[in-house]
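Just need the whole structure built from these sequences, with the hints factored in.
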Amino acid sequence: MSRSIWFVAEHQDGQLHRGAAELAAAARAVGDETVAVVCSAPGGTVAQQVAPFADRVLLVEDPSLEPYTAGIWAQAVVALAKEHAPAAILLPHAPLGRDLGPVLAARLEAGLMTDCIALEWDEGLVGKRSVLRRKLVARERVTTSIAVATCQRAAFSAVAAGEPGTVETVEPSIDAEAARTRFVAMERAEMGEENITEADVVVAGGRGLGDAEKFGVVQDLAAALGGVMGASRPVVDQGWVAHDRQIGSSGITVRPKLYFALGISGAVQHVVGMRESDVIVAINKDPQAPIFEYAHYGIADDLFKVVPALLAELES
Amino acid sequence: MRIAVCMKAVVEPQSRIELDGDGNLRREQLRYEVNEYDLYAVEEAIRLVDSNDGEVTVITLGTEGAVQGLRKGLAMGAADAIHIDCDPYALDPSGVAALLAAALREGAYDLVLAGVESDDLGGAQVGVLLAEELGYAATTLVVGTSAPSEGSMEVRRELEAGEHSTVEIQLPAVLTIQSGINEPRYPSLKGIMAAKRKELVEKTPADLGFAELPLPRVAALGLELPPPRELARMLEGSAEETAAELVRILREEERAL
Ligand SMILES: Cc1cc2nc3c(=O)[nH]c(=O)nc-3n(C[C@H](O)[C@H](O)[C@H](O)COP(=O)(O)OP(=O)(O)OC[C@H]3O[C@@H](n4cnc5c(N)ncnc54)[C@H](O)[C@@H]3O)c2cc1C
Ligand SMILES: Nc1ncnc2c1ncn2[C@@H]1O[C@H](COP(=O)(O)O)[C@@H](O)[C@H]1O
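Residue numbers (our numbering), protein chains in the order written: chain A, 1 to 316; chain B, 1001 to 1257.
In case anyone wonders, no lab produced these hints; they're calculated from the structure.
Since this is a predicted model, take the numbers as computed values, not measurements.
The beta-carbon is built from N, C-alpha and C at its ideal position, and this holds for glycine as well.
Hints may contain errors.
Below, a sample of chain B positions facing chain A; criterion: calculated Cβ distance under 7 Å [claimed, not checked]:
hint	residue
1	Ser1149
2	Glu1150
3	Glu1160
4	Ile1169
Here it is, written out as structure tokens:
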């Protein structure tokens, strides 16, 4: 029997998310047939946008499907999956997959693997995921007849667009009245006064700085290098710096010529926001910190010793 | 308003992570602490009952570190606690959710809060799976809540790249709480003393109707070291030496300064 792997197409404001081509790659790696599932309001073009990345597109259209809420999307996808019994359903490990993935798994009585960095088929869907702050990789296998998995962004390289797959419009099986979540509003990101995405030099500090006062050395180094200051999430959470400085998946993405990571461990949600920088320097007292895997130059030492020395050196 | 908060003991980031000869995690050298996201959840629950009346129950499933976590929740202001004494490594997330649901079902909670993910094994599953087990609605990545009214509440969800959405959710509901939603309080001495007198109910899986543990839907095949990546060029020496070398490299080799 041919193995059909589905992926749920992520989209917003009528635009397909570019991560869809990554999910298509993950699906193609383990299946014979790649199927994109599109849940959208009538009249959109998302199905046409995703068709070049899939063998088939299953399109469910209903006004209640946009904007997204887990409740109604789950109804649509679960009904389809019960009818067609795919081998697996893939989603992005992003707000969509975190919200919808476990609902699909529960309703289909399916095993769920999250944040996969690799997939293979070996008597079932086998996934690899990083655990224990990326110090180990776990291999797991879903043992139920349908598998659900979420894939880490950028872990799979996007497939190139090909011959568009066929688009089949399917009858929605939705009871919008039964949904217990309702979309109210969307807020766009607010840009700060200083546009840090355009800076040539970004000096970012993390929880390793200790407190708001000591965080000042990040600003000092940024100033000495003619750059701007950035931060990891915990720094923003604790209010040491403003939200618009947060670099990473839920913040901004920067791509400067020079990036300094001071006291930042290198969690994937941070790294996706800075790994394209031309030159990355990491200073962290833990020689095993994953940030050193992304840095070009590393200093495994106390930043409160190294940064003052750097400031002195830059002055000379 | 009755709120339950799920708290998990997770491996401390400073623990030594090693595999034994059979490729199993050396569990004896791990230390545990409360999952950070769960502290945000406890704080949010306490704030919600402070302004809307009610009580908070904290619940955990686990062995090592589990009860200490509950004590912290009680010291922060929870009224009572439930400990399901069960090896978490023997279950997959759907099993954890099934047992938690069995313990919470009778409590008729209006709201159950969980963390967005556990810091050690990071499934990001249990909160929503628990909602499905209980037949509750769920929303994830919550960074703001508003006062419930007429059986529903509005919550603010964090999306990517600085975007947020507002969602109205009907109660009873499960929310998974993201960091930064509040500033978790430190338990006061008074809180710590009061916690000692609060009720901590002990349950076994059998007490919850599980003669055998639920079968995993995801089988663990093994653990391995991450694939070697190209590591940074590490600069060695005193702070003065590494600083001087770095500045030289950035100026002369990279021409980045
Ligand atoms: C859905 C979701 C979205 C997220 N979005 C983001 C995001 O956009 N951006 C983001 O950054 N994170 C994000 N996170 C959080 C992320 O998972 C990590 O928790 C976070 O990046 C860790 O920040 P950190 O490296 O500063 O802190 P930690 O992981 O605590 O690391 C601190 C580091 O400092 C080092 N250190 C301590 N003292 C010193 C010293 N004196 N000298 C040198 N080094 C020292 C330590 O060795 C350690 O490596 C998100 C998480 C989730 C679940
Ligand atoms: N063993 C457990 N006991 C209590 N709560 C748990 C347990 N495992 C997970 N949770 C809750 O579910 C959240 C997400 O966990 P996870 O799905 O493991 O990433 C955690 O932040 C906890 O709130």
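Going through the hints against the structure:
no., hint, in the structure
1, Ser1149, "14 Å, violated"
2, Glu1150, "13 Å, violated"
3, Glu1160, "6 Å, holds"
4, Ile1169, "5 Å, holds"
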